[in-house]
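Asker: From first to last, the protein sequence lines stand for chains A and B.
Just so it is clear: in the first sequence, position 1 is 1 by the working numbering, and no numbers are missing.
Just so it is clear: in the second sequence, position 58 is 431 by the working numbering, and no numbers are missing.
Since the hints were made in silico from the structure, they are not lab data.
Note that the structure is a prediction, hence the values are computed from the model and not measured.
Heads up, a few of these hints could be off.
[Claimed, not checked] As a list, the in silico DSBU-like pairs of lysine-lysine whose alpha-carbon atoms are at most 35 Å apart:
id, chain 1, residue 1, chain 2, residue 2
1, A, LYS362, B, LYS422
2, B, LYS417, A, LYS362
3, A, LYS363, B, LYS417
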Amino acid sequence: MKAGTIYDELARGGISRREFMKICGLLAGALGLTSVPPVDVNAAYDALRKPDGLVNLVAEALQTKPRLPVIWLEFQDCAGCTEALTRSHDPTLVNLVLNTIDIEYHETLFAAAGAQAEAAKEAAIKKYAGQYVLVVEGSISPGSGQIYCTIGGRGSGDLLQEAAANAFAVVATGNCATFGGLPRANPDPTGAVGVMDLVTDKPVINVPGCPAIPEVFTGTLFHLLVFGAPPELDSLKRPMPFYANTIHDRCLRRPYYEAGLFADSFDDDGARKGYCLYKLGCKGPTTYNSCATIKWMEGLSFPIQAGHPCLGCSEPNFWDGGGFYQGQSAPLLRPAAALAAGAGAVGLVLGAGMATANQAQKKRAHPTEQHKE
Amino acid sequence: MNWLAILDFARGPFFEVALLVFIGGLAYRLMRILLLGWHFDRIKPAGSKLGGALISYLRGILIWPFIPWVRNTFSKNPVIYIAGGLFHLGLFAVIFLDAAHILAWQSLLGFGWPSLVTPIVDWLAAIAIVAMILLFINRLVNPVLKLISGPAEWLNLLFVFIPMLSGYIMAHHLFFAYEVNFSIHMLAVDILLIWIPLSRISHFMFYFFARAIHGADFGKRAVIP
Chain A
1 MKAGTIYDEL ARGGISRREF MKICGLLAGA LGLTSVPPVD VNAAYDALRK PDGLVNLVAE
61 ALQTKPRLPV IWLEFQDCAG CTEALTRSHD PTLVNLVLNT IDIEYHETLF AAAGAQAEAA
121 KEAAIKKYAG QYVLVVEGSI SPGSGQIYCT IGGRGSGDLL QEAAANAFAV VATGNCATFG
181 GLPRANPDPT GAVGVMDLVT DKPVINVPGC PAIPEVFTGT LFHLLVFGAP PELDSLKRPM
241 PFYANTIHDR CLRRPYYEAG LFADSFDDDG ARKGYCLYKL GCKGPTTYNS CATIKWMEGL
301 SFPIQAGHPC LGCSEPNFWD GGGFYQGQSA PLLRPAAALA AGAGAVGLVL GAGMATANQA
361 QKKRAHPTEQ HKE
Chain B
374 MNWLAILDFA RGPFFEVALL VFIGGLAYRL MRILLLGWHF DRIKPAGSKL GGALISYLRG
434 ILIWPFIPWV RNTFSKNPVI YIAGGLFHLG LFAVIFLDAA HILAWQSLLG FGWPSLVTPI
494 VDWLAAIAIV AMILLFINRL VNPVLKLISG PAEWLNLLFV FIPMLSGYIM AHHLFFAYEV
554 NFSIHMLAVD ILLIWIPLSR ISHFMFYFFA RAIHGADFGK RAVIP
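Chain B extracted, bound-state conformation:
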């Protein structure tokens, strides 16, 4: 089998189509949610909506993740909380701070930024992969999670796990020839791009809208959430 031809396909036309589906799909999802309708909020403003939104971001992204013991979520299941956190941290580092991925961003956006040194990204990636396995086991054994997990939840895990694992294997030149690993990685990434708008992985985008809206609601009422 000519893996280079598969690789050219996965990096070329398939990637282009996947990216267009990703963009179009997210725009579609966003419009659907925006047009669900807005409730008319008759409360007299007691505080700043913008300020509320900013505080919401600050707490959600910069504060709570680093002092998790204050929250119930942590004390009830610390391993899973940490696994979830480290998974997201690893994913962020790999996607946005890895040298190879910055080259991809540079070709898409026209500009790049400095990368984190490879060994650190590498460790974060490995930790994220282990964290994903822990989260998978948790989903398997936790009765409540098991009850609310449909096929989409398992596919979410799978479609994120394959690009992570294949990327790690590729970066370390393990098992197969580089172009084979590269092809698997790119095919998995393309599938993930198509899958994201169809799935709850789209929370990477809606998370920011949700925090802004809830933050604004609280801010308007001058309540610190």
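In isolation and in its complexed conformation, chain A is listed as follows:
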């Protein structure tokens, strides 16, 4: 597998030097590399001094580094993140990146099954100790004796800790692996948690989404490959190159929001004219992701462009964070009519009680005064 560098393998596949440099430029651009993270100071400085320095940095990494070993664990997931990644059409940036990694274990993609597959994973963990990237898809259920999610008879919590112990970094892909996602939705029967709740001694990078955008996921892996370190992360451990802006900030319907032009239903005149979907429950203003810029299916479209409000799938608690079609300004909880009436009744009774007590006190204080009621 690790016969040569990535460039060697690409060259063997018939990629010319010219094509290779184009690929590097594409990758650098897709990563949004406007600055070099402080990993290798000298290399970064040299790269920045030269025109196309970032492209060269990428080229150098691909020419000198072997493929990145990846172990991919799936727990309480739907394999949707894997589906999104593998169904990207050829030739794409995603494929290019997939050529530069070396997936040692992946339940959905593996031909092997059962004890064979588990043995391959154990061998990979030993062989690439400290070098491999652990990718986790799906939430983990560490409580309740780990009965809710077992693979090969072992609980998800143990499997994660075992694989994370030797990993160089852990990438959680999709909302489930990052924040618990759908399995964590109320009433959360399995006690689902994300990777960052359990793995605290390794760099954890969150790539949330439902599913994660393939380019964002591969871009993150690629960053690890080129720089040997995670990209800059936000407070929720999401890579800043992809999660720095909200959907709303980059939305093509934003001018309509500013002008106060909204679609009131999915098939009214406003919807046909492409007006803002805020009233239809769009969560774009509080959702950080790259859907509006990188988009989906090779930049073809994304939900809001296709006429559907953003669900906020790259944010924690997105499943319980208000109805998908309920406007974001509406409260999440509102008292039931009976409860509101009860509060009013309590107020009336307390008011009447207090008024009566006051009158009684007044009578006691001035017993001779006659009340002309």
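Position chain B against the provided structure of chain A, taking the given hints into account.
Answerer: Just chain B now, with coordinates in the frame of chain A:
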């Protein structure tokens, strides 16, 4: 800090509790005032009580505010009169005619109504904010107002000012991330909801009772107030 969690709290349980306190508190205040007692009015009716109440509303809400120069209140301090009026107009437009707020009403009441176009609401909100600053300065410099202003008066201004300002900042995506502005706005609104029954801001409700009762008294005497 995870602002989304704070936002979920401010839009969720805190809002629910605040609303219940608001409803219960206003019911309590209303009952207290109703049970202060009614004076026995022996005057022989010379006119309609209902008519008097209706005229009172008409004049108080629809006529006097728009021809203020007839009244002393205006000629003595026109800037403050206009500031007060525009503040109330802006507040009304923002709360009842802004698209985002109508969504909130819709979720609470089960029905909505058409909104005013955003730029107009926006201007009215900005004017209301400026008006509040003017009213604050007036309260600071006017010796009489200063004398009768206790902590509650300053808190009234503050608790209305913060939701207005944070809402404006949020609508224009200024200074902080949207969820931060949204959280501040919702927390401020929740605090305001709890504060209203405890304070003189409850005049938004008692105003209508007061006008009805005084109007009825005048109507009964066939006097045009």
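Asker: Does each hint fit the structure? Answer for all of them.
Answerer: Checked hints:
no.	hint	result
1	A:LYS362 - B:LYS422	31 Å, holds
2	B:LYS417 - A:LYS362	31 Å, holds
3	A:LYS363 - B:LYS417	31 Å, holds
In this structure, none of the earlier numbered hints is contradicted; all agree with it.
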